[in-house]
Each structure stands twice: as structure tokens, then as C-alpha cells.
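Peer 1: Got chain A sorted already, so can you dock chain B onto it with the hints?
Spelled out from the first residue to the last, the chains are:
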Amino acid sequence: MNAVPATRPTPAIGTAPATAAGLSRDQALDIYYYLRLTRTLEERLVALYRQTKVIGGLYRSLGQEGESVATAYALERGRNKDILSPLIRNLGSLLVMGAKPVEILRQYMAKANSPTRGREQNVHFNDLEKGYLGQISHLGDMIPVMAGIALTFKLRREPRVGLVYIGDGGTSTGSFHEGLNFAAVQRLPMIIIGEYNHWAYSTPPEKQFAVKDLAEKAKGYGIPAVTVDGNDVFAVYEATKFAAERARRGKGVHFIEVKTYRRKGHAEHDDQHYVPAGEIDRWAAENDPVDRYVARLQEQGMAAPDDLTDIDDRIRVEVDQATDACVDEPLPEGESALPDVYVDPPAADKLWFRTL
Amino acid sequence: MAPPEITFLEALRQGLWEEMERDESVFILGEDVGLYGGAFKVTDGFAKRFGEARVIDTPISEAAIVGAAAGAAHMGMRPVAEMQFIDFISCAYDMLTNYVATARYRAGLSTPIVVRGPCGGYVRGGPFHSQNPEAAFFHTPGLKIVYPSTARDAKGLIKSSIRDPDPVLYLEHKWLYRRIKEQLPEGEEVLTPIGEARLAREGKDLSIVTYGATVWKSLEAAQLLEKEDQLSVEVLDLRTLLPLDDAAIMRSVQKTNKVLIVHEDTRTGGLAGEITARINEQAFEFLDGPIMRVTAHDVPLPYAPTLEDFVLPQTEDIVKAARWLANY
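Read top to bottom, the protein sequences are chains A and B.
Under the working numbering, the first sequence has 151 at position 151, and the numbering climbs by one with no breaks.
Under the working numbering, the second sequence has 41 at position 41, and the numbering climbs by one with no breaks.
Hints may contain errors.
Using C-beta positions, here's what the derived DEER-type ranges look like [claimed, not checked]:
1) A:ARG79 to B:ASP32: 35 to 43 Å
2) B:GLY269 to A:LEU351: 48 to 56 Å
3) A:GLY57 to B:PRO59: 33 to 41 Å
4) B:GLU196 to A:ARG248: 45 to 53 Å
5) A:LYS100 to B:LEU287: 52 to 60 Å
Okay, the calculated bits of chain A under chain B, using three or more residues with CB under 8 Å as the criterion [to be verified]:
6) 179 to 188
7) 337 to 345
FYI, nobody ran anything at the bench for these hints, they're computed from the structure.
For each residue, glycine too, the CB sits at the ideal point set by N, CA and C.
Looking at chain A on its own, in the form it has when it is part of the complex (with noise of 0.2 Å):
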């Protein structure tokens, strides 16, 4: 704990662009919904949570879902275009790819009807049609699978990318640099997002790397990097859709690096005595992403009040009905754990002495 300095500075809020990234005041309104939409649902979560209604841990993105929201509405999305794969903090990209809030509430509920039927948790569930590929909980993994996602874009010389996401933990492990480096090798039409939220569990980057900056990890391997500030959702759109048109006609791998902020624990029983009195608090009043995007939609003209607080209840409505539809299902029968561990065998076999 000493090793954390008492007083981080939070990167400056940069001053805002003359355009607002070439979003239309349609898609700027959009990307609010589902920044807001993302933070209602954790909040509808915790409540769940509290009721002993979600089965495991519960994981935040507060404070980073603009970055989420931003990297993913920058790609394409529809049926079979581009694919990401999101992180425990990326719900928000998960959203913008399609997948439903009220799947989001079965998976932490273990419902027998969530997409994986009970198996497993959380953001760990994909849609590859719709351009999602769900995690696994050993971090640097999602690298090379995703660079095996767009090498077959590659191959078939398809113009889709493959997106993935890192946190600045994730990035010690030989997996991220395995991937990184083959990606590199092969051009791939992927892009990297360096996720520098400051916490990796307990742990600082100054004890996780001793570089300043997570895009010069990317560098070494020959792979352009940018550091943007990751709780600006125009930046981090605007750098996202530049690598993905790069990366769209052949230019290969780009690496973004988004500075942000973990305001929650790893997960909801992590009471957090590790951070330094009064940051957590200071990144929320200073550089909350949410609160920054709408004081630019505003300064810029995009939304009145009106047409924020009108979302805003559509969204409690939503999750409403998505927390209705699914909060008294039953969980799974016991006997559906034996199915799909292979095509064939269709099933594993039930062990002797449950037939007893």
C-alpha cells in the first residue's frame, strides 16, 4: 500500500474538439443510451445482488463504460461484421453488439434459459453472429483466439475486424504477448484495447509493469499505439474507428490504449481499503464518463435535457421488464450439466451411484 503514491493525478480533461467525432446527433444520443443503459442495469444488479438473487460474484464497470460503449459503437455491427470480445468491465460493449439486458440478468442469475444454460456467469457468453466472443476468466487469453478470428477474416479476405480488450494486468501475461506478436507478424486486422483502469485486483501498475504507458508494451512488438484518455468518449470513438478503417484495408494490428478508472472493487465484496483515501471520489467527481459525455452532448448542442431524461426512462423501464421476464425463472436441472461436453458422446455418463 505505501507503494501507491498518496495523490495520483487524473489525466486533464482534454478540450473539446470543434466536431463531435462525426457522430450524428442520432448516434450521439445512441451511445447515451447505452452508456446510461449499462450503468442502470450494474445498479439493477446490485440490487439483485443484495437480494442474494445473483449466484456469484459481481463485477462493476463504473467508470469505464465509456470506453466500452465508444470502442465497440465504432465498429461495424450487424450480422456478421465485426467481432469483439469483451472483459467482466466491458457490459457496455456487449450492449452496443446486441446482446439483451435481460440475458446479462440470467447469466448472473444462472438461469436455466441464460445462453449458457447455467455454465457459466456474467459477460461470458457470445453471439458470434451478432460479433461477440465471451471471455474466459485466464486473462490474455481472448488475444490469440481473436487473432485467430481475424486471421480467418484474412484468409477469406473478408473486410471484418476483430477487436479485443486487455487490462493493464492482463497485459503481464505471455498469452497477451504470444497473441500480440503473432497478430503483429501476420498483419492482422485487429485492434487491441489496452484498458489502464489503474487497478488490477489490488494491485497498481507500478507494481504490475515498469513502463509508463501500456501502448509502449504494443510498440515493442511493431504495432502502432496511441494512449487516449479512456474516459472521453469521443476520443476513445474517434481512435477506435481510425484503426478499425486501418486496420479494415490491410494496415494490420493498432493497439489504443485507454486511460481510465476501476471506481468499484474487483468484484462487489472487495471493500476497495487499498485505494488511496479521496481518489476514488475525485475520479468520480473530476472524470466520470457518463457526466463528461453529457456535458459535451450539451455544450455541443446534440441533446437537451429533455431527450436525456426520456432515455433515462426508457431504460428503467427496460431493465424493469428484462429484471420481470427473468427474475423468478428456475435454475437449471441438475441432469442438464452431463450434455455438450462433445458432438459425440452426446453426453457424459451419469456416475453409477446416482442410479443407486
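Peer 2: Then chain B, alone, in the frame of chain A:
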């Protein structure tokens, strides 16, 4: 005219080649597999015929090789990943056991990859070019493991593995590469079913359950025992290790009532333990003696010929063990 006699390695190569010709989604990735043709020349000529886009030279990154294969497989490709020596598959252990093996179960993802590579000792390869890694993966639901011992099965199992909808580890014993030859009719579609053992030799006094290089050592032992002891020894070549062909094992046990399990891998935690347990559960009343094991000693595999020969199970060991069991 008699069909040509080809080596185990050539049979494997033919199988790979035929699948590359048959299905455009099949591609190869690995270290030095391209223009060089692989450390053992299994992919010799492939890059020239199929192009470097389908025969990809990779960095020395086993986790990336397997991970990228998995990602491509999710998208409908059929990657065949080569481990230059199977010893290096441990560098991809996480990717295989956590990511690949669980993908269908946890997320409904199809991951039809083949990870293949030269395994096994008796070649003075030392601790890191001689391993038999099957036990490390045998414990992982979601993977399949095949381990051919004949040229026909080398071909038939690589083709079946590539066509299988799930991930398969294909272990090829380098001692067999150029030692085993067989006539394989040209133009015949050889597809060895995954999950089926092969009765390598019929017998009635005692069963040897084995796989890989020790199939040949067991056959040699069986011949000797027939000649010198008038013993009729059955040899069952498992061919697929995961899933095990329980039915074939039990059929043999029921017939001979005595079982010797032989494998080249070390004893503790080796497959013989699991096979023993299954026989105990499924055919206990047919046994006329203890189930015995002939395996490698529980040490890393040493380099010097004298040491390696001591550590690994030899034909003579099998002969002695079978004699002991027959007299029980």
C-alpha cells in the same frame, strides 16, 4: 499389383494432404512447417502446393498457435496445429484445457482443431524431446486424444481427427515414423473411427492393453511368449485414449481373465491406473489375477542410452511381466 509400402510418416502426410485437398477450410500452422516442411518433414511440399496462407509459419508461441487455431475454428475453419515436439504442448496447456476444451460446454462454441506433434522416447531425445503428454490431457473433459501405432491408423486417424467436430490431440510416435511400413491402397479413403480400439493380435491366455510404440514391443513379446512358453497373448491397441473404448477392453478381459497394461508414459497418474479402475468396476468377476502395469519408471526421461533403456519399458520387461502374470 501390390499397393506400395509406405511409412507411418508418409501415411500421416498423405492423410493431411488429402484433407487439405478435400476441404479448403483445413489449414496448417506451426513452427517451421512452411517452406522448410516441418522438423520431421511431415508437411514437406505443403506450402508449395497449398500456398503459405494455408501453411503458416508461426513464431515460437505455442499458446498463440493453439489460441489462434481455436479462434479460426470458431469461424468455421479446420486448423491443424503442429507442435514441433509434443513436449512443447505444455506451453499451450492453459489454452487447451481452459479455453479450447471447455468451449462447447460453457458457451456452445464449436472448436474443431487438431493439435498434433511427435511424441515418445526410445530415440535418445532426452527430457524435452521424448515426452508422452497424454496423461496431462486425459483428465480434461472436452478434448479427445488419439495415438496411432500403425501406418493405416496414422492416416485414418489424422483424417478422422480433422473431420471431428471437437478438438483432438493427435500423438504421433517419432520412433514409429520411419520404422513402421505398411501397404496402403492408393485412392482408398482410410478413416479410422475415433473411440475404437483395434485388436492387434488375438489370444486366449492373457491380454495386453497398450497403445503407441509399446504396441510393437507387446507384439514382439507376444510372439516370443508363444514360441517359448506356448502362451496365447492378446494385444489390444487402444488407438484412441480419450474416450477409452471400454467395451473392447472388457471383451478382452472377459476372454483371457488376465490383464497387463503397458504404456511408455510414467507409472504414477498414467493411463494404466484409470484402465485398471474401469476393469475393476466393470469386469471384476472375470479376473483371475491382479491387473498389472508395465510403464516407464517415475523419473524424467534421461538422455544416455543406458539410462533411457533402463527407464523405459522394453520388450523383455513385457515378456517377464506377462510370464509372471500367466503363472499367477
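Peer 1: Does the Cβ pair B:GLU196, A:ARG248 satisfy 45 to 53 Å?
Peer 2: Given about 47 Å between the Cβ atoms, the range holds.
Peer 1: 48 to 56 Å was suggested as the range; check whether the CB atoms of B:GLY269 and A:LEU351 agree with it.
Peer 2: The hinted range 48 to 56 Å is violated for B:GLY269 and A:LEU351, with Cβ atoms some 21 Å apart.
Peer 1: Using the beta carbons of A:GLY57 and B:PRO59, state whether their distance is inside 33 to 41 Å or not.
Peer 2: holds (35 Å)
Peer 1: Has the hinted range 35 to 43 Å been met by the Cβ atoms of A:ARG79 and B:ASP32?
Peer 2: Cβ of A:ARG79 to Cβ of B:ASP32: about 39 Å, so the range 35 to 43 Å holds.
Peer 1: Apply the coverage criterion to the stretch 337 to 345 of chain A and chain B: a residue qualifies when its Cβ sits closer than 8 Å to a Cβ of the chain, and three qualifying residues are needed.
Peer 2: Holds, because 6 residues of the stretch 337 to 345 of chain A bring their Cβ atoms closer than 8 Å to Cβ atoms of chain B.
Peer 1: Quick check: does the Cβ-Cβ distance between A:LYS100 and B:LEU287 fall within 52 to 60 Å?
Peer 2: Once the Cβ atoms are compared, 57 Å apart, the range 52 to 60 Å for B:LEU287 and A:LYS100 holds.
Peer 1: Verify the coverage statement for the stretch 179 to 188 of chain A against chain B, using a C-beta to C-beta distance below 8 Å and requiring 3 or more qualifying residues.
Peer 2: The restraint on the stretch 179 to 188 of chain A holds, since 5 of its residues have a Cβ under 8 Å from chain B and three suffice.
Hint 2 from the earlier list is the only one contradicted by this structure; the remaining hints agree with it.
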